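Q: Please arrange chains B, C and D on chain A, whose structure you already have, making use of the hints.
Each chain, written out:
Protein chains: 4
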Amino acid sequence: MSGLLWPGDHRAGDHFSDDEVVRCMLRVETAWLAALSDAGVAPTAAAVDLEQVAETIDPAKLAIEAEAGGNPVIPLLAAVRGALGEHPEAAHWVHRGLTSQDTLDTALVLALRGCADAVLESIDRQVEALAALADEHRHAVLAGRTLTQHAVPITFGLKAAQWLSGVLDARDDVREARARLPAQFGGAAGTLAGPDLLLRLTDAHGDAIALARSAAARVGLPWSPPWHTTRAPITRAGDALTRSTDAWGRIARDVLVLARPEIAELAEPVEVGRGGSSTMPHKVNPVLSVLIRRAALTAPALAAQLHLAATEFVDERADGAWHVEWQALATLGRHTLTAAAQTAELLAGLHVDTGRMARLVASAGTALLAEERNLAGHIGRDDDVDDDPAHYLGSSDAIIDTILERAGSGGTP
Amino acid sequence: MSGLLWPGDHRAGDHFSDDEVVRCMLRVETAWLAALSDAGVAPTAAAVDLEQVAETIDPAKLAIEAEAGGNPVIPLLAAVRGALGEHPEAAHWVHRGLTSQDTLDTALVLALRGCADAVLESIDRQVEALAALADEHRHAVLAGRTLTQHAVPITFGLKAAQWLSGVLDARDDVREARARLPAQFGGAAGTLAGPDLLLRLTDAHGDAIALARSAAARVGLPWSPPWHTTRAPITRAGDALTRSTDAWGRIARDVLVLARPEIAELAEPVEVGRGGSSTMPHKVNPVLSVLIRRAALTAPALAAQLHLAATEFVDERADGAWHVEWQALATLGRHTLTAAAQTAELLAGLHVDTGRMARLVASAGTALLAEERNLAGHIGRDDDVDDDPAHYLGSSDAIIDTILERAGSGGTP
Amino acid sequence: MSGLLWPGDHRAGDHFSDDEVVRCMLRVETAWLAALSDAGVAPTAAAVDLEQVAETIDPAKLAIEAEAGGNPVIPLLAAVRGALGEHPEAAHWVHRGLTSQDTLDTALVLALRGCADAVLESIDRQVEALAALADEHRHAVLAGRTLTQHAVPITFGLKAAQWLSGVLDARDDVREARARLPAQFGGAAGTLAGPDLLLRLTDAHGDAIALARSAAARVGLPWSPPWHTTRAPITRAGDALTRSTDAWGRIARDVLVLARPEIAELAEPVEVGRGGSSTMPHKVNPVLSVLIRRAALTAPALAAQLHLAATEFVDERADGAWHVEWQALATLGRHTLTAAAQTAELLAGLHVDTGRMARLVASAGTALLAEERNLAGHIGRDDDVDDDPAHYLGSSDAIIDTILERAGSGGTP
Amino acid sequence: MSGLLWPGDHRAGDHFSDDEVVRCMLRVETAWLAALSDAGVAPTAAAVDLEQVAETIDPAKLAIEAEAGGNPVIPLLAAVRGALGEHPEAAHWVHRGLTSQDTLDTALVLALRGCADAVLESIDRQVEALAALADEHRHAVLAGRTLTQHAVPITFGLKAAQWLSGVLDARDDVREARARLPAQFGGAAGTLAGPDLLLRLTDAHGDAIALARSAAARVGLPWSPPWHTTRAPITRAGDALTRSTDAWGRIARDVLVLARPEIAELAEPVEVGRGGSSTMPHKVNPVLSVLIRRAALTAPALAAQLHLAATEFVDERADGAWHVEWQALATLGRHTLTAAAQTAELLAGLHVDTGRMARLVASAGTALLAEERNLAGHIGRDDDVDDDPAHYLGSSDAIIDTILERAGSGGTP
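Chains as they are written, first to last, in our numbering: chain A, 1 to 413; chain B, 1 to 413; chain C, 1 to 413; chain D, 1 to 413.
Next comes chain A alone, as it looks inside the complex (with noise of 0.2 Å):
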């Protein structure tokens, strides 16, 4: 991840970080050692977490060496063999059973459930922000505008709890997609037949699926009937995050058309030190807005890759698409959770101007109201409309209480 040409990307902390990838990895393998052993396929002494040897691990060398197999799995394994001198049982029973998809997916489903989550509490951190600004400022006019005119008024509120809607219905596709993953145990070709060689070779107890269950169950995942060339788990979790940058994406083009100077509703919040330009010292650029708009800008074509891949699943293990979806779930989940963060602070933050707003309402005169006397006079009734656009608002009020109700409603995943 190269945080130098991805402003912000800190903000991601060390979701979808190599380091996390690999003891990710290692938790699966940990969790089927644990499932070996519980069915007593594998000794106890077999059963160690292996997260113990994951300082032992260089992620820059696993890199290097994936390429030989085309996955990290192959070389995160030898490197675990060698780092287990002291448990020669685990050593020998890591992996057993499974094969590199069964590990990598369910690793990435445990990332990309961190990531779900850590999207949530910045969603959470919006709503609350969104749901105030909607409710203090539902009564401040300004012009709504429509193909970049004035059309009729509208409150910042009811703008507010527009914006409040969209990132609840990525909160729901969040929330959604994230529950319906499901870790990834299903042996060489999703048969299970290895697991079920060593379960009946070694007279143990349960049966394949119920062993990948307790594996899965360790990770705390559901198990599904294998995935592996099935990948709408994958696909609804990139389409959860477009939603999402959608959402915020829409916010900042609106903070930053009502930011320019001419219009000056809006204005992000100051912070020291943000916003500065290389050579002009008095900007305070909408920084924000624009990195977050970067990122709506950029997550459909991840989530569109992760769809082309999807589609791409020939045979029982693909022959590139499974490759594809590595680097694009990774990069879009970083993206997503740093314009989550910057959301977050933006709407916590903004400066709304009230006053600017009605002044920008008077001045566009009778403009804002000419739907209202176009209607009025259109049955005859002129004169019994006023001027004043505080009066042309419709449902404003209502819309919002509906969508603060919903917000509020939503309780936790």
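Keep in mind the hints are simulated off the structure, nothing from the lab. Treat the numbers as computed from the prediction; the structure is a model and nothing was measured. One thing to keep in mind: the hints can contain errors.
Which copy is meant is left open, because identical chains are indistinguishable; a pair holds if it fits in one copy or across any two.
Claimed, not checked - In silico lysine to aspartate or glutamate, EDC-like type, Cα no more than 20 Å apart, as pairs:
(1) 283 / 19
(2) 283 / 55
(3) 283 / 271
(4) 61 / 14
A: Relative to chain A, chains B, C and D alone:
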């Protein structure tokens, strides 16, 4: 829609045709007239069924006139008013209180709902065919292939069950996206100010939201807070349609591999005249799979256009993004419908050559059992495995059953 | 093509219509017949002009029949043979030695060439309008804006010159892509084995490559080694068209910002009936820019489909990728043509309010000169700068001249 | 860059790494200092080589600080000034007159040029390998395949020549895109007002454009009118890189088909440790092709992001689009470099089993000659064709020669 350059397009029937879009817009305006009349805003005489004037409307003429205002609603209204000579009240009241986006969004939602229903019908046929294939061939052993190379044995039943699993994922998502399609009735800037004014000035009953709900109910849709600028209903539908083509394309790619003459485990259903070549009379090309795959390679970019549009919904109506959606949605819808029908036909008539599968397994020799021998050797039980690939199928049967059970419990949307 | 959902589509005229594609295919087959006859393979009587039967061909019927073989050439040939009752020799010889892909690729190249010519005509008009704007307004000072905020002064002439620069880049690339469009005459698998056989068996003169060159020349195209599976001619054309919409969309986005009522430095050309609203009679929406922007947001994904197709051209004819190209190319072509014409019209009639620009510069106060003061202060020469933004324009004039010179030296394609 | 999730990434070396981007930015600032000094604006003492401070710069720290201003130039300058304690004149003059986009655009162009050079080196190796394959195997007959089915005979030499043809198209375009990369020196809003002011106030010689040209020459690039908002240099480079991955992915897909065990006409070069499986010791997976294909499926969406960005360059510096380019460009560059090296290795060691090709041709029987028989029969000469596929190869040899000639005449960039 250019069927010449999208062979099979006729399978999409009238969905998203200009004629259908016009009819859907007329249904929306009809519903609004009825709601206005029912609320006491407009006289009873205004509540006419506008579909009666559909035949007087020339979509080709509308299409040309649509450029001036940037959307087809404006010229449609002019044409409707012109055609309503015998219904002056209807001409007077049509569209009052609405905005172009209300009419077109709701019309496209209606078209989308029809499209989703037709897709789900095809999916039902696919599910039936796949369930039969999975069950019938649950013991037909063939070579599992990963990264194009022979891996371990599977059964064709399991492969069909995996295909089914992808289709069931698509079914879930198309159903859900369909269920979450709302009507759009929000007025010029989403405040319902126009409808509210009309209700007030005419002392009619109910509020603007009730009026909007009433109109929505008349086209069989739920009302939601105006979503002029929050486009999750659209992107969700696009994602679900793409999840469908993902699943079908993945099947098609398998068929294209397995129908190669050197493999020849599968063949497309034979129909007189299909699959021919312009110059090589002997050829029987897997045309259905080719065309399905074409749709699957195309869909992700179209769904991504919808996401890109979604994040560009600035202001109270976007400055170009809304306009992006229309053709992207229609194209994606028609492509999906075509591929849906082609996939249903492919699966219903798929020729499965289990004898050929068995012969290839036999000629693969011990390669398919290398994992088994490796695992057995690993625990010193080499002698306890035999050389019959049919004995190394793990939980294939149980996995098939799990997926079949899911297929059966699907219920209706 | 659904003009209703792509307002302005009629501007693309007949380009890439079903009728045109049919005519182009007939021109290709005509050229081949003539070449066969000229070489002495076919009798003179076979060399008929097949466009004469165009009117007997029903594209809608062809479109339906095209599904069986997966492309429109097969049913076209059946229809042509059926219509050639009076020309049995032509019916006998039509298409002999060719493959469907020869006919359709060359036909699409012909359509693409016509499209490129029409785009270049619009570009010429744009160049003329932009050069005039750049020259006329080279001293009209307005606020330069970066990251939406006021930066330093520029002139509108410079902005127009920058727009022009983008259009000139597009002109270069469309011209070059057009010049590199080859005919496709390769036979079933790109070996020209069929034509070679016919030449040998009939003791005709010349070799198969000469025959192919002869046919290519008859449709005014160079011949190149068969490019059935190497698609740079197609992706280059797609990239060049997208480079055009990139340039126009960037102009449109500027217009959309600068035509906002709070800025109002630019306005779209006024035409009766354009820019109207279905409900707000006062509005004049910047419809041209909205529609241009729509095309610009859409084109990159279509060009990407062509690249994706290009990399999937497996075997000697692809298993779906070729089929992806057709509609993507036609859609991209028509969208580009529409946007080309709209941009030409926008620029020819653009209203530039230099007074408004000056007033906004004045009201921006010293912000626009902060860089100047900062630089001067930095070297202790604060007193040597004045407060006139017109004195801080650097090399704007010379830059304009450089770009104008490039525009003028363009020559003809 | 996460090599763990993009196996083979180390092949891209330092290109587009944070370290390299920092160095490139320092080279740009160094060139500017030298130009300022040379023109007499800054004292001679200011003209220091800033790369000497590179080792004091921590890219990870810069990356974090880059968020505040939205780009890495601002914190870089702070760090540079801090590190220039012994060079107060350099600290004083560094970056004066420039804008962040000048520095970063030119730096990325330098990185891109280095990337293009490395890609072209790999392409040279590919061309060499492909030319050898085409020539060596010009008489090796194999089955031509269209839509996955046997068509007519071809030679492997012709297939290799077709692969070569695609690579030569890529070579043309990468060379041309590289040649058209300009430096960016335009100042805050592309007017060169800052440099112009400095020249005037210090009575230095030359004008601002001459100064910009001088700086550009010092980094070996041509100067062009500021292209802050006209991004053809970037999109052209992206398109050319994608044209490369298109060509390589098409080769990889052929290898993946022809290396299937049931076909086995080709095999990847064997190297100890490559292609292994985590669980199936017998497998030799075609890993290079899998990884090349992965890059090819990914590139079009990245290039499309660059186009999307290009059309969003509003104002004198964009509100997010510029920021989109950086990581898209770096990712596309690194992916292309990786795939370039992998393709060169694949082709240099490709195992061609001409015996297997001949056996498959034999087993295909008369199918491969159906076209020949059909054509001969059509003109009543059935008896004049024999059953040897080697006699039905048309102009394959001449086509190979034409492509080889093009390869040889390539010259150097």
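Q: Taking the hints in turn, state whether each one holds.
A: For each hint, the structure was consulted:
no.: 1; hint: 283 / 19; verdict: neither (39 Å within a copy, 29 Å between copies)
no.: 2; hint: 283 / 55; verdict: neither (46 Å within a copy, 31 Å between copies)
no.: 3; hint: 283 / 271; verdict: within (13 Å within a copy, 39 Å between copies)
no.: 4; hint: 61 / 14; verdict: both (19 Å within a copy, 16 Å between copies)
Taken one by one, the earlier hints fail for this structure at numbers 1 and 2, listed in ascending order.
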